[in-house]
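Trainee: The listed protein sequences derive, respectively, from chains A and B. All the letters of the first sequence, read from the start, carry residue numbers 12 to 428 under the working numbering. All the letters of the second sequence, read from the start, carry residue numbers 12 to 428 under the working numbering.
Hints are computed from structural coordinates only; laboratory data are not their basis. Think of the CB as a built atom: it goes at the ideal place given N, C-alpha and C, for glycine as much as any other residue. Treat each hint with caution, since some may be false.
Once the Cα atoms are required to be at most 25 Å apart in a straight line, the calculated SDA-like pairs of lysine to any residue come out as [said to hold, decoys possible]:
id, chain 1, residue 1, chain 2, residue 2
1, B, Lys361, B, Gln237
2, A, Lys276, B, Thr171
3, A, Lys16, B, Leu186
4, A, Lys276, B, Leu186
Chain B side only, calculated, beta carbon under 7 Å to chain A, not exhaustive [unchecked claim]:
id, residue
5, Pro141
6, Asn145
7, Tyr149
8, Ala296
9, Asp297
10, His299
11, Phe301
12, Gly303
13, Lys304
14, Phe309
15, Ala312
16, His371
17, Phe374
Protein chains: 2
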Amino acid sequence: MSSSKLTIGLFGFGVVGKGLYQVLHSTPTLQSSIKKICIKNADKTRDIPAAHFTTDASVLLNDDSINVIVELIDDADAAFEIVKTALQNRKAVVSANKKMIAEHFRELLQLQQEYQTPFLYEAACCASMPIVRNLEEYYDNDLLQSIRGIINGSTNFILTRIAEDGLEFNEALRLAQQAGFAESDPKLDIGGFDAANKLSILLAHSFGVITRPDTFLFNGIENICQADALVAKEKKYSIKLVAGAQKLSTGKLAAFVLPQFVTAKDDLYHVQNEFNALTTESAFADRHFFKGKGAGAFPTASAVLSDISALRYDYRYEYKKIHHQTDTELTHDHYLRVFVSVDELDKINKDDFEWIEEWHNEFRYSWLIGIIHASKLFGRSWWKQEGVSLILCPDPVIESIDYKKVSRRSLELAGVV
Amino acid sequence: MSSSKLTIGLFGFGVVGKGLYQVLHSTPTLQSSIKKICIKNADKTRDIPAAHFTTDASVLLNDDSINVIVELIDDADAAFEIVKTALQNRKAVVSANKKMIAEHFRELLQLQQEYQTPFLYEAACCASMPIVRNLEEYYDNDLLQSIRGIINGSTNFILTRIAEDGLEFNEALRLAQQAGFAESDPKLDIGGFDAANKLSILLAHSFGVITRPDTFLFNGIENICQADALVAKEKKYSIKLVAGAQKLSTGKLAAFVLPQFVTAKDDLYHVQNEFNALTTESAFADRHFFKGKGAGAFPTASAVLSDISALRYDYRYEYKKIHHQTDTELTHDHYLRVFVSVDELDKINKDDFEWIEEWHNEFRYSWLIGIIHASKLFGRSWWKQEGVSLILCPDPVIESIDYKKVSRRSLELAGVV
Numbered sequence: 012m013s014s015s016k017l018t019i020g021l022f023g024f025g026v027v028g029k030g031l032y033q034v035l036h037s038t039p040t041l042q043s044s045i046k047k048i049c050i051k052n053a054d055k056t057r058d059i060p061a062a063h064f065t066t067d068a069s070v071l072l073n074d075d076s077i078n079v080i081v082e083l084i085d086d087a088d089a090a091f092e093i094v095k096t097a098l099q100n101r102k103a104v105v106s107a108n109k110k111m112i113a114e115h116f117r118e119l120l121q122l123q124q125e126y127q128t129p130f131l132y133e134a135a136c137c138a139s140m141p142i143v144r145n146l147e148e149y150y151d152n153d154l155l156q157s158i159r160g161i162i163n164g165s166t167n168f169i170l171t172r173i174a175e176d177g178l179e180f181n182e183a184l185r186l187a188q189q190a191g192f193a194e195s196d197p198k199l200d201i202g203g204f205d206a207a208n209k210l211s212i213l214l215a216h217s218f219g220v221i222t223r224p225d226t227f228l229f230n231g232i233e234n235i236c237q238a239d240a241l242v243a244k245e246k247k248y249s250i251k252l253v254a255g256a257q258k259l260s261t262g263k264l265a266a267f268v269l270p271q272f273v274t275a276k277d278d279l280y281h282v283q284n285e286f287n288a289l290t291t292e293s294a295f296a297d298r299h300f301f302k303g304k305g306a307g308a309f310p311t312a313s314a315v316l317s318d319i320s321a322l323r324y325d326y327r328y329e330y331k332k333i334h335h336q337t338d339t340e341l342t343h344d345h346y347l348r349v350f351v352s353v354d355e356l357d358k359i360n361k362d363d364f365e366w367i368e369e370w371h372n373e374f375r376y377s378w379l380i381g382i383i384h385a386s387k388l389f390g391r392s393w394w395k396q397e398g399v400s401l402i403l404c405p406d407p408v409i410e411s412i413d414y415k416k417v418s419r420r421s422l423e424l425a426g427v428v
Numbered sequence: 012m013s014s015s016k017l018t019i020g021l022f023g024f025g026v027v028g029k030g031l032y033q034v035l036h037s038t039p040t041l042q043s044s045i046k047k048i049c050i051k052n053a054d055k056t057r058d059i060p061a062a063h064f065t066t067d068a069s070v071l072l073n074d075d076s077i078n079v080i081v082e083l084i085d086d087a088d089a090a091f092e093i094v095k096t097a098l099q100n101r102k103a104v105v106s107a108n109k110k111m112i113a114e115h116f117r118e119l120l121q122l123q124q125e126y127q128t129p130f131l132y133e134a135a136c137c138a139s140m141p142i143v144r145n146l147e148e149y150y151d152n153d154l155l156q157s158i159r160g161i162i163n164g165s166t167n168f169i170l171t172r173i174a175e176d177g178l179e180f181n182e183a184l185r186l187a188q189q190a191g192f193a194e195s196d197p198k199l200d201i202g203g204f205d206a207a208n209k210l211s212i213l214l215a216h217s218f219g220v221i222t223r224p225d226t227f228l229f230n231g232i233e234n235i236c237q238a239d240a241l242v243a244k245e246k247k248y249s250i251k252l253v254a255g256a257q258k259l260s261t262g263k264l265a266a267f268v269l270p271q272f273v274t275a276k277d278d279l280y281h282v283q284n285e286f287n288a289l290t291t292e293s294a295f296a297d298r299h300f301f302k303g304k305g306a307g308a309f310p311t312a313s314a315v316l317s318d319i320s321a322l323r324y325d326y327r328y329e330y331k332k333i334h335h336q337t338d339t340e341l342t343h344d345h346y347l348r349v350f351v352s353v354d355e356l357d358k359i360n361k362d363d364f365e366w367i368e369e370w371h372n373e374f375r376y377s378w379l380i381g382i383i384h385a386s387k388l389f390g391r392s393w394w395k396q397e398g399v400s401l402i403l404c405p406d407p408v409i410e411s412i413d414y415k416k417v418s419r420r421s422l423e424l425a426g427v428v
């Protein structure tokens with residue numbers, strides 16, 4: 012469809028859909044127009060004439076004059092059915108639905124190949140930032156060592172308010188909801204699910220690894236309390252929900268979404284409120300850092316728009332790393348340096364630790380910093396229960412331990428001697 | 012040449028060329044190899060067999076089996092001749108030569124169109140960072156409002172050392188040369204010429220404006236002194252050489268490369284040493300920030316490599332903004348808020364200022380902050396002479412002045428009343 016006119020069928024007319032509609036109609040150079048919009052609720056009052064709308068998906072999916080489907084609905088299962096049918100009908104698809112994409116990555120890949128039809132989803136990761144496309148296009152020479160980022164705007168907004176305004180988690184969450192940065196049901200964000208879905212998409216485009224969130228360590232920020240924020244402040248750290256993946260010397264990949272202490276020298280330290288950011292490390296290009304708005308109607312619409320625009324030039328993801336780097340896999344065979352705080356001492360599973368570096372005991376608030384094997388966190392739940400915060404330390408991944416270097420003091424603290 | 016093997020003819024075997032050679036030979040998945048290397052001096056001892064080299068450019072340019080020319084030589088005039096002939100012979104070209112590209116942009120554009128052959132030059136701007144490609148591909152919907160960046164690594168290294176180590180300019184320059192971040196003849200960097208060449212390339216890909224550096228305001232950092240650094244410190248600013256272009260309400264573009272005071276809230280504040288960075292502002296995506304290494308053999312080689320890799324998938328710049336946005340032009344019809352320091356009072360052309368906000372007089376060091384019309388700087392030289400520093404203030408561009416708001420005090424300082 013080189014440089015040709017695009018005729019769009021749009022699913023969903025929420026804030027992003029409306030933003031997109033406005034932009035498309037005010038930018039004639041895009042040579043794209045929305046022919047029909049499929050909505051769930053026909054009774055809602057809309058700003059544009061009723062003739063634009065239908066509640067029947069097949070009206071869009073079977074219309075031969077529509078060559079692009081833009082899918083912007085919430086329901087991941089319904090979204091997958093739409094995308095699947097659209098690709099089978101050889102309509103290019105643009106989507107922002109990270110949950111749907113993460114859950115159906117392999118099937119979506121197959122559909123794209125079978126029907127030779129492009130499926131773009133830049134808006135699904137870090138909203139406005141061209142992250143997927145850069146990982147896909149630019150870092151394609153087997154040289155990427157790690158990616159690390161703040162990829163959920165709601166949780167970053169909440170953590171910023173906890174640190175700057177001295178709020179407890181629930182107060183900060185309420186503020187985020189008032190500001191429109193968190194859903195009325197915020198579980199997907201604050202439980203880390205949204206970031207985990209995004210990381211699983213990024214893993215495919217960074218390292219060629221297709222995996223679901225349940226294969227790597229992840230958690231949210233619900234248990235981060237003001238006392239944790241004060242420890243962070245004392246140590247001159249800030250707490251961020253960091254999604255990361257890094258190649259170990261074995262060639263395998265350590266990946267996780269966990270709260271982390273970051274130092275002022277870390278680029279992620281300066282990422283505040285609803286901003287998202289990603290750092291990449293590669294053998295030759297060294298460190299790169301991208302920052303931009305990771306939430307909001309217009310930033311998301313802008314990414315959708317860029318995908319639509321790319322379709323005009325026949326752009327599609329080549330998935331080069333999936334096709335060329337078939338040997339990379341995730342591992343839990345490494346250690347992590349972690350901070351753990353508890354309201355009650357018996358919530359901590361001390362025996363799981365290799366050793367403990369620091370140990371502080373206060374009334375109803377104790378914390379330790381120690382080294383733990385990742386496999387002893389994966390699949391276990393003591394560190395996810397209420398009243399327990401687990402926060403990664405800076406540079407948390409340790410490939411192997413030299414037990415000779417364990418000081419007597421740390422062994423004592425750990426109760427080893 | 013879709014996914015096909017690339018056979019490369021390489022011009023230049025300096026640090027970047029050597030780095031590229033190593034990477035290509037250690038990454039077989041790239042399916043690219045260097046067939047022949049053209050060098051100037053046949054007598055130098057090389058690390059690889061002499062059979063790889065020639066001093067005759069036509070050996071590469073007329074070899075039908077070579078489908079890609081990689082041009083990595085210093086001499087801009089010789090480089091242009093090589094690139095021109097290569098494109099005429101329908102060989103794709105990758106170059107890192109910003110001076111050559113800035114000086115011959117229009118001809119190079121014509122050659123690409125006439126011979127339908129791609130010419131890529133990601134490494135020419137900000138070395139390792141995918142800036143050209145992102146401006147070209149992602150921000151292509153007429154919505155970009157401004158770009159601002161630190162696009163010369165040598166000068167940023169020098170400015171960082173002046174600020175952090177309390178050095179005078181010449182000492183910091185020597186340090187940069189020792190660290191390999193400045194050429195033995197550093198004029199191109201410290202005089203702002205290199206950044207100006209890069210800005211002129213960025214203007215084409217950001218706003219579709221083809222222009223030479225002599226059409227916008229630019230200067231380097233040679234006159235920045237320790238006393239200026241102390242003023243900056245007192246005001247909690249840092250001094251950066253900033254290249255910027257921003258759309259005015261008239262639709263015209265204010266563009267310049269000048270030293271600037273930046274505040275701690277500005278993302279550019281945290282860009283230290285040889286790092287480069289670019290911020291973009293657009294109507295929908297809002298602010299984006301990219302940071303990465305802007306100098307060095309491997310970061311540059313990595314960008315060259317990404318271009319080579321892109322050629323395998325028939326990538327070429329579409330120059331969409333040049334073709335679609337033909338009406339954008341540069342203007343000097345705006346005001347700038349500037350800091351000017353002088354070692355001798357009579358070096359300052361006070362009459363050029365609309366008004367003066369601050370005025371400080373010390374022995375052999377005086378400075379002012381004032382508003383000046385950009386046209387009163389363009390083409391004049393008093394502010395470029397030895398002993399005079401001109402540094403933009405934060406948010407320096409002022410579209411129009413409300414003279415009623417000029418305080419009596421500032422008029423007095425300016426000698427108006």
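Trainee: Any of the earlier hints contradicted here, and which numbers?
Mentor: Of the numbered hints, 3, 16, 17 do not hold.
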